[in-house]
Every structure is written in C-alpha cells, then in structure tokens.
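Protein chains: 2
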Amino acid sequence: MTAAAAKGGEDAGGLSEGVLGGLVGYRLRRAQLKVFEDFLASFAPLGLKPAQFSALVLIEANPGRSQREIAAALGIQRPNFVAMMDEFERRGLARRHRSQTDRRSHALALTEAGEALLRQGRVIVAAHEARIAAGLSEVERAELLRLLIRLGTPAAD
Amino acid sequence: MTAAAAKGGEDAGGLSEGVLGGLVGYRLRRAQLKVFEDFLASFAPLGLKPAQFSALVLIEANPGRSQREIAAALGIQRPNFVAMMDEFERRGLARRHRSQTDRRSHALALTEAGEALLRQGRVIVAAHEARIAAGLSEVERAELLRLLIRLGTPAAD
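Listed in order, the protein sequences are those of chains A and B. According to the working numbering, the stretch in the first sequence is residues 18 to 174, in order. According to the working numbering, the stretch in the second sequence is residues 18 to 174, in order.
Check the hints yourself; a few may be wrong.
[Said to hold, decoys possible] Derived DSSO-like pairs: lysine-lysine, alpha-carbon spacing no greater than 27 Å straight-line:
#1 A:K51 with B:K66
#2 B:K51 with B:K66
#3 B:K66 with A:K66
#4 A:K66 with B:K51
#5 A:K51 with A:K66
#6 B:K51 with A:K51
These are computed hints drawn from the structure, not numbers from a lab. Here the structure is a predicted model, which means the values were calculated and not measured.
In isolation and in its complexed conformation, chain A is listed as follows (with noise of 0.2 Å):
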C-alpha cells in the first residue's frame, strides 16, 4: 500500500479507485484478500486453511458439541462442513461419535494429533497476527476488531 493508496482515490498502481476507494465492502475485501495471502503462507507447512484451524479451535474449545452446532458458528455450510470433518478423520485429527444426549447426532472431539496441531497453529497464528496488525497500534487493533463486530450488525442492536 502506498501513501497515494492510504490517502485514497489512487491504488498501489496509480490508477484512480473511483467510487471504490470509500467503500467498507471492497476495503474489506481488499485487506480479507491481503491476510488470506499471508495466512495460506504461514499455515501451508501445517496443511491447513483457515476455515480448517477455525474449525479445530471450535471442536476444542466445544467438546461434545454436534456438527450442526459447530457449522453453524462457523458459518460454514453443513455439507461443506461434513467434507471438512471427513477430511480431519482421514488425516486422524478429529472424530465423530454418537452424541450421549441425542443419540441421532455427532458430538466431536479432536484426537491427540489434532491437539498437537492446533497447539502448532496457536504459534503460527500469533506470528501472523502480529504481521497483519504491525502497523496498527494495541488500540487501533481493539479499534478495528469492535468495528469488525459491529459491522453487519442492525441499528438497533
């Protein structure tokens, strides 16, 4: 990012951003784009992307918890997240087993090879936090993450 591009109305390239550079949607879109990069990077070595490692923390920090539950804080699509859990039990980082509540669902649980992954990725993950939010001060970046959470969020809320 240049100091025309921070300034806005002209990108890294020179070229005029006309109505784009004043809105929230492509600047977050841009910056999503710019910590994807850096993630995918940092967590190529682990095999993981970030719905993955989200995922992971979830089912640790949630045990016993269902695949419909866990999908749906994530956001992620049910079919999508079946996919998911299938590719963790291959890889022997998590399992599925019959919820002692409700015998019709899946609770999950991480095994130990997932623990130890996810204990990897803690590191690798403050790494690159600490690399996307060098240039924002301790308060900026408690700044940006209660805009982030109020954004999307109604009015009246």
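Position chain B relative to chain A; hints supplied.
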C-alpha cells in the same frame, strides 16, 4: 450478532470461540462473509459479482489503461481477469481495443450498455453500503476505512 458475541468469547450460538474471538483475521473473514451475502443478493438482478462491479468501476475511471494494469490494481490474477473481460465482451458491457501507445497491449473501455449497468450498480452499492454500516456512526465508518487500509501495511510505512 448477539450482545454476547459483541462482548467476545461467545458467538451467536452460545458456543465458545476460544482464541478466534480476538483474531483480526477471523473477525475480518466473518465480516466479509456477511457483507458478501448482502452484496450478492443486492447485485443478483444486475448479474454482477463484487469483483465484476469493481472491474467495471476501474475500467470507467481509468480510460485507456491496459488489462494488465486493471488486473493488477484489482489484485486479480491475469488469467481470471482475461476470463472476466471475455464475459464482459459477450454481454456487451466492455471491449478491448489495441492500445495507441503500445500496440502489443489491450486498452479497455465500457460500452454504453456497460456505462448504463454501472450507473444502476452505483445506486445499488450505495444502498448496500448504508445497510452494512448501519450499526456505525459516520466517524466510526471513516475510522474503519482508515484501519482497513492500514491493515497489512508494514509498521514503518
């Protein structure tokens, strides 16, 4: 987003978010998914995806610029942008012509139909932006734009 989610630690489903809640990358992805959903629904009548809308804006705002330059400014891979331009030509929205300064490259321009679609798109995007930022004050919206631009920028910049 519930009040519990806004406080962090718990998501809308009452599950623990573990380490995710405090990660800029995760919050960015969740906000992005929400914004994309509204964008796709808003632009479905025009048959435009976010990247296509951005491309039409940049082509109009930068007359005579090459495919290479527009693709780079959008952060879109060259082959993907060529495919997008193929579709724009098929739909009669934009065209490629030989650059007057460099006969080996293509300069891009919108057709009248492309200009007309973009005018409709600008009205729709304004309503979309108002919806997604409905929970933010004008000051907060400006601050969010500034922080998103700074994201991923080296600290020394």
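Hints, one by one, checked against the model:
1. A:K51 with B:K66: holds, 19 Å
2. B:K51 with B:K66: holds, 15 Å
3. B:K66 with A:K66: With a Cα-Cα distance of about 24 Å, the restraint between B:K66 and A:K66 holds, given a limit of 27 Å.
4. A:K66 with B:K51: holds, 19 Å
5. A:K51 with A:K66: Distance of about 15 Å is within 27 Å: holds.
6. B:K51 with A:K51: holds, 18 Å
Going down the numbered hints, you'll see the structure goes against none, and every one checks out.
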